[in-house]
Amino acid sequence: SQKIEQNSEALNIQEGKTATLTCNYTNYSPAYLQWYRQDPGRGPVFLLLIRENEKEKRKERLKVTFDTTLKQSLFHITASQPADSATYLCALDKAGTASKLTFGTGTRLQVTL
Amino acid sequence: EPEVTQTPSHQVTQMGQEVILRCVPISNHLYFYWYRQILGQKVEFLVSFYNNEISEKSEIFDDQFSVERPDGSNFTLKIRSTKLEDSAMYFCASSVQGHEQYFGPGTRLTVT
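First to last, the sequence lines map onto chains A and B. Sequential numbering of the first sequence, starting at 4, is according to my numbering. Sequential numbering of the second sequence, starting at 36, is according to my numbering.
Just chain A, same shape as in the assembly:
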């Protein structure tokens, strides 16, 4: 069965450092991989989408890599700030219209001063 694993339930880093979150998957061939942010009691917020033929995507302080051979995506937040503290969700998306998202369990990031 499909499995999506995100590294450690929680990640604590100091303000200004780079946070690196990992998403590994098995038994799946996504056409797209997406990252979302979720704050407690709120809905997921879209951050970045990367296609299977793309290696890297950037948006401001965010960077995503996608390695379909390793079946892994890395999500980086550079110059992290306390406001970046949240749970980050990896989601797999297969080709086709109206395709469902299959979410990982998320990594809770805590950025401290």
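Honestly, the hints are just simulated from the structure, not real lab data. Being a predicted model, the structure only gives us computed values, none of them experimental.
Partial pick of chain A residues on the chain B-facing surface, computed with a CB cut under 10 Å: (1) Ile7; (2) Tyr35; (3) Gln37; (4) Tyr39; (5) Gln41; (6) Gly46; (7) Val48; (8) Ala94; (9) Ser102; (10) Leu104; (11) Thr108; (12) Gly109.
C-beta atoms are modelled at their ideal positions from N, C-alpha and C, and glycine is treated no differently.
Once you've looked at the hints, dock chain B against the given chain A.
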């Protein structure tokens, strides 16, 4: 900035009762979804809807569940006879092209 809205924010119901959760997707979006998240667990797909019909549904979305887009703006999820295990946060989402999705704030459903 346009956003997905959901009502009510919290619904408490007794087991066996019917509930309707309402969503107003972003106006130019064409793809609509319902997901749920049981407390402490991951977000799970329920159903996708495009061109006035269901595109895909999960195993969770059994005969007790139905969706409707009654008037071109609202998108509803009905649970006919609620069970204790239906207690969860229900999120509506919409999308322009069927990939990046915009989620609403959710409805917390508590079944007693």
